[in-house]
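Q: Sequence:
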Amino acid sequence: MLQQEYGWVRQTRGNLLDFCRNLDPNHFTQTNGFGWQSVRDSLVHIADCYVAWLGSFVLLKTKKPLTPREELHNLSLEEIIARFEQVDSIVNELLELHGHKLNVLIEREIPWREAPELLSITPRKLLMHTITHEFHHKGQIVAMLRQMGYEPPNTDVLGTED
Numbered sequence: 001m002l003q004q005e006y007g008w009v010r011q012t013r014g015n016l017l018d019f020c021r022n023l024d025p026n027h028f029t030q031t032n033g034f035g036w037q038s039v040r041d042s043l044v045h046i047a048d049c050y051v052a053w054l055g056s057f058v059l060l061k062t063k064k065p066l067t068p069r070e071e072l073h074n075l076s077l078e079e080i081i082a083r084f085e086q087v088d089s090i091v092n093e094l095l096e097l098h099g100h101k102l103n104v105l106i107e108r109e110i111p112w113r114e115a116p117e118l119l120s121i122t123p124r125k126l127l128m129h130t131i132t133h134e135f136h137h138k139g140q141i142v143a144m145l146r147q148m149g150y151e152p153p154n155t156d157v158l159g160t161e162d
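Position 129 of the sequence shown, counted from 1, bears residue number 129 in UniProt numbering, the numbering being contiguous throughout.
Any given hint could turn out to be false.
In silico EDC-like cross-links for lysine to aspartate or glutamate, where the CA-CA straight-line distance does not exceed 16 angstroms [to be verified]:
(1) K63 / D24
(2) K61 / D48
(3) K63 / E117
In short, the hints are calculated from the structure, not lab data. All of these numbers come straight from a predicted model, not from anything done at the bench.
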């Protein structure tokens with residue numbers, strides 16, 4: 001994965017985050033009965049996935065990468081955007097430090113799991129996982145927004161600028 005490709009991911013994410021600035025605050029947190037329940041919670045879950053797999057498992061930056069559920073209701077869109085800026089830093093660091101070693105297996109315990117769980121995986125596969133995970137949940141967010149009567153932006157990479 002090159003910087004350019006991740007730039008496309010950032011563009012589509014930025015389109016969605018910019019759109020969320022204009023949501024009715026009640027719609028941002030409205031439970032919808034699927035996925036991670038609300039637009040807010042889904043966005044936090046997306047960011048947490050990057051922080052967990054890339055920041056914690058690969059880069060060993062933290063042992064507590066996940067936002068506790070009881071803290072979700074306190075998070076504003078601006079705080080979530082800041083969390084994605086942290087995600088961008090993590091991905092950039094991964095590409096700089098591991099760019100030539102993305103296919104080298106890492107075998108270690110998953111740092112944030114209470115019960116020891118050994119995993120053997122490459123940074124490239126975890127990067128691909130986090131990106132596909134993001135697009136999966138962005139699709140759920142777009143569906144939530146449509147159910148609430150909004151016309152959300154295109155979040156497909158095909159709509160990005162080169």
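Q: Could you grab the alpha-carbon distance between K63 and E117 and see if it respects the 16 angstroms cut-off?
A: 14 angstroms, holds
Q: Holds or violated: K61 and D48, Cα atoms, limit 16 angstroms.
A: 13 angstroms, holds
Q: CA of K63 to CA of D24, is that 16 angstroms or under?
A: Between K63 and D24 the Cα gap is close to 35 angstroms, so the pair fails against 16 angstroms, i.e. violated.
In summary, the one numbered hint that this structure violates is 1.
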